[in-house]
Amino acid sequence: MICRCFTKALDVAGQTALLMLGVPDYDAYVDHLRTAHPDRLPLTRDAFFAARQKARFDAGGLRCC
Amino acid sequence: MQRTQLTLSSVLIWGGSAVLGAASLGILAFHRGETVSALWLVIAALCTYAIAYRFYAKYLAARVVCLDPGRPTPATLRHDGMDYVPTNRFILFGHHFAAIAGAGPLVGPVLAAQMGFLPGTLWILAGVVLAGAVQDFLILAFSVRRDGRSLGDMIRTEMGRFAGTVASIGVLAIMMILLAVLALIVVKALAASPWGTFTIAATVPIAVFMGLYLRFVRPSGVLEASAVGVVLLLASIWLGGRVAADPVLAHIFTLSAPTLALLLMAYGSTASILPVWLLLAPRDYLSTFLKIGTIAALAVGIAVTLPALHMPPVTRFINGTGPVFAGSLFPFLFITIACGSVSGFHALVSSGTTPKMAASESDLRMIGYGAMLAESAVAIMALIAASVLQPGAYFAMNAPASAVTADPVTAASIISGWGFAVTPNALTSLAHRVGETTILGRAGGAPTLAVGMATIFSNVLGGDRLMAFWYHFAILFEALFILTTLDAGTRVARFMLQDFAGALMPDLARGLVGSVVATAIAVGAWGYFLYQGVIDPLGGINTLWPLFGIANQMLAAIALTLCSVILFKLKRQRVAWVALLPTAWLAICTLTAGTEKILSPTPAIGFLAHAARYTAGIATGTLLAPAHTQAEMRRIVLNDHVNVTLTALFMAVVITMLACGVRAALAARANPRITAKEATHDMPLLHQGA
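Those protein sequence lines, which keep their order, are chains A and B.
In terms of our numbering, the first sequence opens at residue 892 and continues consecutively.
In terms of our numbering, the second sequence opens at residue 5 and continues consecutively.
Careful, some of the hints might be misleading.
Which residues of chain A face chain B? A partial, calculated answer using Cβ under 10 Å [unchecked claim]: (1) L910; (2) H923; (3) P933; (4) F939; (5) F948.
Everything labelled a hint here was simulated from the structure, so no lab data went into it.
Ideal Cβ positions, reconstructed from N, Cα and C, are used throughout, including at glycine.
Looking at chain A on its own, in the form it has when it is part of the complex:
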């Protein structure tokens, strides 16, 4: 129980850290594609990261002052 809680917390921390860099959760992306668009092949984890990085900085990637 404690162990599962810890894994869960670690998972949330990891997701938060990644989203701070503008990278949404990969597993959620794959889940979404599997259910909503079963005909489409999901990007690989690496391709997903590269695409997100490009999208973010193409939009400017602006942070605040």
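Fit chain B to the known structure of chain A by using the hints.
Below, chain B alone, put in the same frame as chain A:
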């Protein structure tokens, strides 16, 4: 029965918070004596935030925006797993906070500390509750109801194309002045500091190393690459100490302010044109984690040590004669502290990626209002860090060279003459303890904050032995994310310029030539103000920071005008005061400050008076410091005139936007129907032809 009990306990909790907060503020305000504990400041701030969040933010959510948990958000309607993703609110809070928190809330309060800690504290708390967090929350909520559209888009659709264009000119201008002032802060911190210069220079190869790893080894290994990067950064701080101790290497890394300014311009241009994965993105990752980590560490440091505040609650410089920035409490305190109280820039972030990821409208209060309260807490921490210093040391660091001179003996006697007793020995020994040759004339907030943070951190860990390490750690932390804003900002400005030009000559604007030319224009624009600041007799920050403050508050006034207009168009004008009140206050502050910056007869405040002094000098053939030649005298006059033009432009933008706002609001009031263009329950805005 249960309801009565609940009410009783909440009356006790919230009534108690109110009494505790008010008592803490009272202690801060009426304390007379040597020092007062930072504990009271922390309690006053936390109680204010808690009450504001529980009552005012709830009112905004329930009565003003009428948040509806059942109403689908863009994330749920357009879920694509990439841009539009329903996200856990705590995770999204982290994303939003990381995007809004920057150097602003750390610098403004440090500068404002020259008036004592009390005026800054009161404005930070009142400003965030009634203006800053309101703006962030309303813009976020309105963007969520408009498919996550940007501020510019919303202004265009709700207030018309003309207002939209004026607003985007305002955004471009504010960005130039923001980049210039941020770059100037870095220059001030690194000038004649081999340790700091080496450490910042080392971040470039570290970032490139991370970039190559992420590109060619494991693109998804962002976290591990960042962890290695942070360790390398810490190693570079240690190595920087060695460099500073070595006579040959120290000489190489001892750079003058103008050289550093040119290097920063070269860096900004390069980073804007290089592929983002090589330098810009990995740098951004490093600075994000360092920023969040350091802010958390500072919070822990303050909570554990509860340092004594040496700065008096109010100093005599509220009369406008202060050396750090010129001008009296009203209006200049309210533009000096922008971020932390109210920051127009947040309107861009709140209408950026965050609204596309909100899973439910009921999360918006925590994300929009809550994250801004957290940023305000960062500003309070910066104010505490600045007030931890002995006031004498604070003024030695922040007064411009023209007021204090570079000699510790004279500096100490001048500052003691202001009523802040300090010995030359204390100044040199402090410089020695942080590993610098001098601390005099290090304006710009970053070094002051770094000394304050080093004092707090070394009390927790390492004592005096680690003081120099912590000082350079704090400098690195600030410079790193300032440089990240610099390169990302240059890129955004480049895109905006290319967009403008693309409308006229599509082929030329998009290619490599277009990129290079647009980058050169962007860097030239902020570089001009940076260089002007570097050679400014008053230290540059004195001139540029008020301009930045005016620009940032101007943007906030624009965003809040939009919020007011939307409330009128929703036929909710009865509650529109929540946006009208801060709009009016910001308009009064920016317009008064703008007028004073242009017309004040005091040369330290008014650009025209300053120009007149130098023009008179040119006419009679006398040289006024710091000019050494007549040509330099003429350049100072030119700079003054450029600043007048810019200030006038900011004021014109504010007045135009207010006029557009009034027109749109009156039209909406006359119309019996709801005219706001919102997405509805089952139909996104996109399909309504809006």
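Hint-by-hint comparison with the structure:
no.: 1; hint: L910; verdict: holds (4 Å)
no.: 2; hint: H923; verdict: holds (4 Å)
no.: 3; hint: P933; verdict: holds (8 Å)
no.: 4; hint: F939; verdict: holds (7 Å)
no.: 5; hint: F948; verdict: holds (4 Å)
Figure legend: structure checked against the earlier numbered hints; every hint is met.
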